[in-house]
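Start from the sequences, fold in the hints, and give me the full structure.
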Amino acid sequence: MNISEIHYPRSLQELMLLLEREMNVQIVAGGTTFGYIQTTRYLSFEPSIMYIGQIPELRSIHKTERMISFGAACTLSELEHVYPFEHGQARKLLHTIGTPAVRNIATIGGHLMYGKRFLSLWALLACFDAELEFRAFSKTSTKNIWYSADEMGMPTIESGRLLTRIRIPLQSIDHLFIQRIGGAVFPDGDGGYLVSVATIDRRTISNFKLVIAGPRAYRDYDAEQRIIAAPHPLPARIMQTVMRMYAESLRKTNFWNVELLLPLISQVLEALQRSTE
Amino acid sequence: MNIEFDLNGRVQKVVITSVERAIDVLTRQCGIKSLSGTCLEGLCGTCLILLEGKPVYSCLMPAFMLRDHRVETTEYFTKMREYSLLNSELTKEGSALCSSCHNGIMLMGMMLIRSVPAPTRGEILSSLSNVHCDSIDPDDFADAVLKIIQHLGIARKMP
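One line per chain: the protein sequences are A and B, in this order.
Read in the numbering used here, the first sequence has 206 at position 206, and its numbers run on one by one without any break.
Read in the numbering used here, the second sequence has 44 at position 44, and its numbers run on one by one without any break.
Hints are supplied without guarantee of correctness; some may be wrong.
For lysine-lysine, the following DSSO-like pairs were computed, each having C-alpha atoms within a straight-line distance of at most 27 Å [unchecked claim]:
{"#": "1", "chain 1": "A", "residue 1": "LYS63", "chain 2": "A", "residue 2": "LYS92"}
{"#": "2", "chain 1": "B", "residue 1": "LYS33", "chain 2": "B", "residue 2": "LYS92"}
{"#": "3", "chain 1": "B", "residue 1": "LYS54", "chain 2": "A", "residue 2": "LYS92"}
{"#": "4", "chain 1": "A", "residue 1": "LYS209", "chain 2": "A", "residue 2": "LYS116"}
{"#": "5", "chain 1": "B", "residue 1": "LYS92", "chain 2": "B", "residue 2": "LYS79"}
{"#": "6", "chain 1": "B", "residue 1": "LYS54", "chain 2": "A", "residue 2": "LYS63"}
By construction, these hints were calculated from the structure, which means they are not laboratory data.
Laid out in structure tokens, this is it:
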């Protein structure tokens, strides 16, 4: 039983100073990485714990005309009534995570930085082009959530950087398709989610994304680009081309069950056809 | 290390280490008897507490996360009128609460009655998903909570 030193930084600045000084640090806000996983009576952490759940900058939610931004230590419950989770289907997806008592403590930062696999909300946030803001001692960087998956579609987490905020550009949602696939998602099952989002503007598809995330993440940019700027409803030849592109790229990954996913992607396109502006 | 938090309306000072769970500190150092929590996975729901007015599983929380927070357990509510009303209403509805789920059910009921201005049936049923017990009929629970809220509403309006 190893006792760790516990720090309670009250600001982001204080946290950065502590992270610069301390070695072998474990950031704790909710409990995603240990709450359900460590089932022994006594918990075990790295030698130094930073409890970031009371840093105001990491708990705030801001909304502008173009974007919503929430701190990494916001709980999943706190996100229930904000974009994009105010949308019925997205909220249903959020509600699949534990019970209200779990969502009152689990944070969005812990959810996205889980590291072992992609958890339930990752595919949805990738479809919404979420940007992740990271802070290191001397600099701040922002990257699209998609870049937290490597070339093989595995999750990557760079050490020495702290996820501070998640920013999502606001967009009109004319098509949202969410489908659970496989078995369990947490803590390390083979399940995941297929999510697709589209915007239709004056009978043209102005935005389309389709992301599958579970143990790995998958997305076909070329197929998406074939759909974007196409007329709505999609002409039959574009539908066939896109289905062929998805079939080829899924086979190339050598990971996903093509026979299971192709019919689902076909359902996505059919749902897109039925969508209205 | 020493930490302070507000427990059932009073400042509580405890000595904790990083390895302890909130449930252990609350039961061993603070004398809270309503919590049992045997699963340590948030599955049984017998360790429910209110943290800043919201239900959380104290078995999933490290004790150090209690610092500077407001915590309420079932003990906080037991002397309140609403508590005895809810208890008798649930008994009337035929839902004899088993000892293991009693804490969670009563805590959820009191949270809804005291903190949520006008809970919907859906919200009441959703709160029950925090308590994993088959011995209570969710509809009986929702009926009891709604009846008390209605009763209290009438009582408040009367001179």
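Each hint, compared with the structure:
1. LYS63(A) <-> LYS92(A): holds, 22 Å
2. LYS33(B) <-> LYS92(B): Since the Cα atoms of LYS33(B) and LYS92(B) sit roughly 26 Å apart, the hinted pair holds (cutoff 27 Å).
3. LYS54(B) <-> LYS92(A): Within the cut-off at roughly 20 Å; holds.
4. LYS209(A) <-> LYS116(A): holds, 24 Å
5. LYS92(B) <-> LYS79(B): Given that 27 Å is the threshold and the Cα spacing comes to 20 Å, the pair holds.
6. LYS54(B) <-> LYS63(A): Holds - the C-alpha atoms of LYS63(A) and LYS54(B) are around 24 Å apart, at most 27 Å.
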